Amino acid sequence: SAVISQKPSRDICQRGTSLTIQCQVDSQVTMMFWYRQQPGQSLTLIATANQGSEATYESGFVIDKFPISRPNLTFSTLTVSNMSPEDSSIYLCSVQWTGAGNTIYFGEGSWLTVV
Amino acid sequence: QKEVEQNSGPLSVPEGAIASLNCTYSDRGSQSFFWYRQYSGKSPELIMFIYSNGDKEDGRFTAQLNKASQYVSLLIRDSQPSDSATYLCAVLGFQKLVFGTGTRLLVSP
Numbered sequence: 003s004a005v006i007s008q009k010p011s012r013d014i015c016q017r018g019t020s021l022t023i024q025c026q027v028d029s030q031v032t033m034m035f036w037y038r039q040q041p042g043q044s045l046t047l048i049a050t051a052n053q054g055s056e057a058t059y060e061s062g063f064v065i066d067k068f069p070i071s072r073p074n075l076t077f078s079t080l081t082v083s084n085m086s087p088e089d090s091s092i093y094l095c096s097v098q099w100t101g102a103g104n105t106i107y108f109g110e111g112s113w114l115t116v117v
Numbered sequence: 192q193k194e195v196e197q198n199s200g201p202l203s204v205p206e207g208a209i210a211s212l213n214c215t216y217s218d219r220g221s222q223s224f225f226w227y228r229q230y231s232g233k234s235p236e237l238i239m240f241i242y243s244n245g246d247k248e249d250g251r252f253t254a255q256l257n258k259a260s261q262y263v264s265l266l267i268r269d270s271q272p273s274d275s276a277t278y279l280c281a282v283l284g285f286q287k288l289v290f291g292t293g294t295r296l297l298v299s300p
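Just so you know, the protein sequences line up as chains B and G, in that order. When you line the first sequence up against the working numbering, it's residues 3 to 117, in that order. When you line the second sequence up against the working numbering, it's residues 192 to 300, in that order.
Bound conformation, chain B alone:
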């Protein structure tokens, strides 16, 4: 399996500011995903980060609010722009491991609180 590192692990942010979350994988992976988990909720896919092309966003998520970069096969960033308290959430980077079952593994998550 892959080792996935996320930074920051936790942050408290002011309303109206933006924060960039970094995700580093110790192996080259084709598929990287960004999920959000709001308090008491399950995981919701924000977007799929494709290397060398624009990210593919799910319904309800837009590039202006959640710009994503994927400069190479081991790294991606997610920016949460113009934050509001509703953006307080756990943001999770995940990768698809193309071994048996195309298993998806998660990083440790970034806990954001917007005040």
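Please keep in mind that the hints were generated in silico from the structure rather than gathered at the bench. Values in this document were obtained by computation on a predicted structure and should not be read as measured data. A hint or two may mislead.
Simulated pairs of lysine-lysine, DSSO-like, Cα-Cα distance not exceeding 30 Å [claimed, not checked]:
#	chain 1	residue 1	chain 2	residue 2
1	G	K233	G	K287
2	B	K67	B	K9
3	G	K233	G	K193
4	B	K9	G	K233
5	G	K258	G	K287
6	B	K67	G	K193
7	G	K193	G	K247
8	G	K258	G	K247
9	G	K247	G	K287
10	G	K193	G	K287
11	G	K287	B	K67
12	B	K9	G	K287
13	G	K233	B	K67
14	G	K247	G	K233
15	G	K193	G	K258
Knowing the structure of chain B, use the given hints to seat chain G on it.
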């Protein structure tokens, strides 16, 4: 209809009992199915995956898949208090993993 459905629980079982967690899904074309465990304040941790009909065993865990009924389950034998967590069922569709809302399991000593 939600894509992946789970009973939110909590499911309470005594230590040493078998915990049975269930999940149904709507997309008949789904091929891979996953169970994740999530402790409070932590990210999801993969327990098992299954993609063939029948049972798959790994230690105290058994995943069961019935594609005709669009049903996947997780059995935890000899449940321990450390198994107390939320268990997330996830279904891999076309390059997209869809999660259920999770079942909270409480194992009492």
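Going through the hints against the structure:
{"no.": "1", "hint": "K233(G) <-> K287(G)", "result": "22 Å, holds"}
{"no.": "2", "hint": "K67(B) <-> K9(B)", "result": "19 Å, holds"}
{"no.": "3", "hint": "K233(G) <-> K193(G)", "result": "25 Å, holds"}
{"no.": "4", "hint": "K9(B) <-> K233(G)", "result": "15 Å, holds"}
{"no.": "5", "hint": "K258(G) <-> K287(G)", "result": "18 Å, holds"}
{"no.": "6", "hint": "K67(B) <-> K193(G)", "result": "26 Å, holds"}
{"no.": "7", "hint": "K193(G) <-> K247(G)", "result": "26 Å, holds"}
{"no.": "8", "hint": "K258(G) <-> K247(G)", "result": "14 Å, holds"}
{"no.": "9", "hint": "K247(G) <-> K287(G)", "result": "23 Å, holds"}
{"no.": "10", "hint": "K193(G) <-> K287(G)", "result": "15 Å, holds"}
{"no.": "11", "hint": "K287(G) <-> K67(B)", "result": "21 Å, holds"}
{"no.": "12", "hint": "K9(B) <-> K287(G)", "result": "24 Å, holds"}
{"no.": "13", "hint": "K233(G) <-> K67(B)", "result": "25 Å, holds"}
{"no.": "14", "hint": "K247(G) <-> K233(G)", "result": "26 Å, holds"}
{"no.": "15", "hint": "K193(G) <-> K258(G)", "result": "17 Å, holds"}
Comparing the model with each earlier hint shows no violations; every hint is respected.
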